[in-house]
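Line order of the protein sequences matches chains W and A. For the record, in the first sequence the residue sitting at position 24 is 24 according to my numbering, with numbers rising by one throughout. For my numbering, count along the second sequence from 1 and bump the result up by 357.
Quick caveat, the hints were computed from the structure, so don't treat them as lab data. Yeah, the Cβ is synthetic: ideal placement off N, Cα and C, and Gly gets one too. Any given hint could be a false lead.
Between beta-carbon pairs, the in silico distance windows are [claimed, not checked]:
(1) W:Ala-222 x A:Asp-557: 55 to 61 Å
(2) A:Ala-514 x W:His-168: 55 to 61 Å
(3) A:His-498 x W:Leu-345: 35 to 41 Å
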Amino acid sequence: MTADLAARPADPDTPVDPADPVVALRRRRRRRLTLVVASLVVLLVAFATLALTLGEASLAPGRALAALFGVGSDADVFVVHRLRLPRIETAVLAGASFGLAGAMFQTTLRNPLASPDILGIASGASLGAVTAMLVLGLTGLAVSGAAFVGALLVALAIWVFAWRQGLHSIRFVLVGVGFAYLCSSLLAWLLASVEIRAAQSALVWTVGSVADVRGADLVTFAAAALVLGAGIAAVSRWQGPLALGDDNARALGVPVDAARVTSLLLAVGLVGVATSFVGPLAFVALVAPAIARRLLSDGGAALAVSVLTGAVLVLAADVVGQHLLFGLEAPTGIVTGLIGAPYLLWLLATDRRKRLA
Amino acid sequence: MTDVHRPSAPPARPDATPGPTRDTRQAAPDVTLRAHGVSLGYDGRRVIDGLDLELPAGRVTAIVGPNACGKSTLLRGLARLHPLDGGRVTLGGEDVGGLSRKELAKRVGVLPQSSIAPDGVRVAELVGRGRYPHQGWFGRHSSTDDGAVLRALEATAVADLADRPVSELSGGQRQRVWIAMVLAQETDVVLLDEPTTYLDLAHQVDLLDLLTELNRTRGTTVVMVLHELNLAARYADHLVVMSAGQVVAEGRPGDVLTAASVHAAFGLRAQVVPDPVSGTPLVVPLGRTHDGASR
Chain W
1 MTADLAARPA DPDTPVDPAD PVVALRRRRR RRLTLVVASL VVLLVAFATL ALTLGEASLA
61 PGRALAALFG VGSDADVFVV HRLRLPRIET AVLAGASFGL AGAMFQTTLR NPLASPDILG
121 IASGASLGAV TAMLVLGLTG LAVSGAAFVG ALLVALAIWV FAWRQGLHSI RFVLVGVGFA
181 YLCSSLLAWL LASVEIRAAQ SALVWTVGSV ADVRGADLVT FAAAALVLGA GIAAVSRWQG
241 PLALGDDNAR ALGVPVDAAR VTSLLLAVGL VGVATSFVGP LAFVALVAPA IARRLLSDGG
301 AALAVSVLTG AVLVLAADVV GQHLLFGLEA PTGIVTGLIG APYLLWLLAT DRRKRLA
Chain A
358 MTDVHRPSAP PARPDATPGP TRDTRQAAPD VTLRAHGVSL GYDGRRVIDG LDLELPAGRV
418 TAIVGPNACG KSTLLRGLAR LHPLDGGRVT LGGEDVGGLS RKELAKRVGV LPQSSIAPDG
478 VRVAELVGRG RYPHQGWFGR HSSTDDGAVL RALEATAVAD LADRPVSELS GGQRQRVWIA
538 MVLAQETDVV LLDEPTTYLD LAHQVDLLDL LTELNRTRGT TVVMVLHELN LAARYADHLV
598 VMSAGQVVAE GRPGDVLTAA SVHAAFGLRA QVVPDPVSGT PLVVPLGRTH DGASR
């Protein structure tokens with residue numbers, strides 16, 4: 001061992017042997033990442049194509065693609081540009097946002113169950129939106145704003161109750177689960193106490209749907225998601241050390257409390273934005289990062305891949321919900337719940353691995 | 358292992374002569390860690406009050422003491438894992454509190470008591486996370502990082518496990534991997550909080566041999582909190598005995614570990630005899646049922 005130490009050229013400029021196990025492992029990981037990203041992009045394109053072609057006015061892929069670039073009959077162009085494309089874009093944006101926010105929650109709190117839908121942050125957004133509609137009589141962007149405020153308020157409340165000389169992940173999760181129940185109870189009470197037609201119109205905020213976001217709303221959604229996504233990219237380097245435990249992260253030079261607060265704040269913002277446009281979309285924030293981590297399984301946060309798995313999941317759920325449910329049309333959030341819940345059960349049943357070193 | 362009791366002047370080390378190995382000590386001449394009137398506690402309850410201590414550079418120091426005597430808290434305070442209630446810690450005369458966390462992480466490596474290996478992480482990847490303080494904000498792994506990781510893997514004899522998931526390793530291997538991660542930080546000082554806990558005796562000895570070799574070959578200053586008195590006495594150049602938040606005795610193990618100091622710190626009656634292998638003090642406890650008289 002001592003001989004090894006002395007023999008190893010320690011000059012940092014010396015090129016490292018390509019047979020070096022460290023370099024070899026990293027190259028293999030990079031190939032795996034490329035493969036995973038490429039496969040997810042192919043899936044995304046495939047579902048987007050399906051979403052463009054399927055529908056009451058069925059378009060062949062060639063015609064749909066032509067219409068996408070403004071070529072073809074006015075009807076085709078209208079259907080593609082005004083009806084189907086915004087819906088696809090909304091699904092991709094929403095899925096990407098929930099996927100990324102979920103990945104941030106789970107790695108920052110070091111708990112695969114700590115996603116914003118389990119922690120009541122999504123229910124906070126629903127409660128905010130429904131309160132705005134049914135109690136305050138607001139409409140349009142004001143409802144979205146109320147959803148955003150609802151998400152932030154719940155996150156803040158969890159914070160206040162969970163903070164005890166730092167933010168401890170188990171406390172945060174338990175307090176969050178408590179708030180999730182509180183919000184859904186209030187929501188149920190609110191819906192039960194108003195006229196049935198009003199409750200029907202508020203239902204989308206409790207289930208989630210990507211059907212009705214277009215034009216200026218879509219641009220606002222995209223801009224907000226991009227800004228928060230860029231913020232998350234900027235702080236993503238903290239996630240590696242944070243995953244090793246608070247002490248290790250501090251010892252490696254990460255300001256743990258500041259890192260956790262910033263990361264969660266950005267993730268809460270992203271959930272708030274996404275929920276304020278499409279409603280809660282059950283399980284996406286929980287499941288998309290879990291799938292992403294499984295696909296890579298390198299112990300990393302899998303943030304970029306969670307963006308893609310989230311987008312594929314929501315787009316696929318929307319295609320299934322619109323066209324493949326035996327003639328019934330189901331809101332996206334119901335389909336993601338139908339896919340997500342069994343996956344969660346499977347995950348819990350198979351995940352026996354110990355997480356403590 | 359027979360030269361544990363060295364004279365107080367720094368001994369010549371195998372790699373002190375000019376050679377291919379980078380001598381990190383040239384860049385950092387003084388890495389003496391000192392606690393100046395340090396106070397530490399939890400929730401307002403003082404564990405350590407106004408403690409002064411010097412941890413000699415280039416040596417292996419072991420801190421021992423009974424449960425809840427504050428030895429781990431002290432180590433955490435020295436490593437800035439726990440905020441100081443009072444006093445200050447200096448590294449080579451420089452106030453540690455004035456350094457950024459990342460700057461400190463380039464100079465002092467820490468192996469805390471509990472560490473979490475993320476699901477699926479492989480040995481070389483986990484060790485690579487030790488490079489964090491050396492990487493920029495958008496830093497990717499450079500060949501400098503690769504070299505440091507490989508050297509750390511080889512120094513801890515886990516290079517052949519580089520590709521294995523950490524979760525599949527035995528306890529002894531896993532602890533070596535965590536030490537490799539700390540070594541990849543390439544610091545002059547390494548602090549370890551009970552690194553031998555959960556290891557069987559053979560692996561405890563193996564790990565302490567490894568730390569001693571690192572000290573001898575790299576000149577790394579090693580400071581560790583240990584439970585096992587006899588191993589501490591054998592492997593430490595400098596022994597610190599703590600009790601109730603205070604240093605009861607410190608110095609060379611042969612001078613420090615006596616029947617009187619063991620009784621003062623642990624409330625345990627014991628005979629202290631020379632270790633037949635290393636000549637260092639060996640604590641043979643007496644108890645209620647074996648008091649040395651009923652034989």
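Does the hinted range 55 to 61 Å hold for Ala-222 (chain W) and Asp-557 (chain A) at CB?
Taking Cβ atoms as reference, Ala-222 (chain W) and Asp-557 (chain A) lie about 58 Å apart, which means the hint holds.
The hint says 55 to 61 Å between Ala-514 (chain A) and His-168 (chain W); measuring C-beta to C-beta, is that right?
violated, 36 Å
Outcome of range test on Cβ distance (His-498 (chain A), Leu-345 (chain W); 35 to 41 Å):
Because 38 Å falls inside the window, the suggested range holds.
Checked against the numbered hints above, the structure violates only hint 2.
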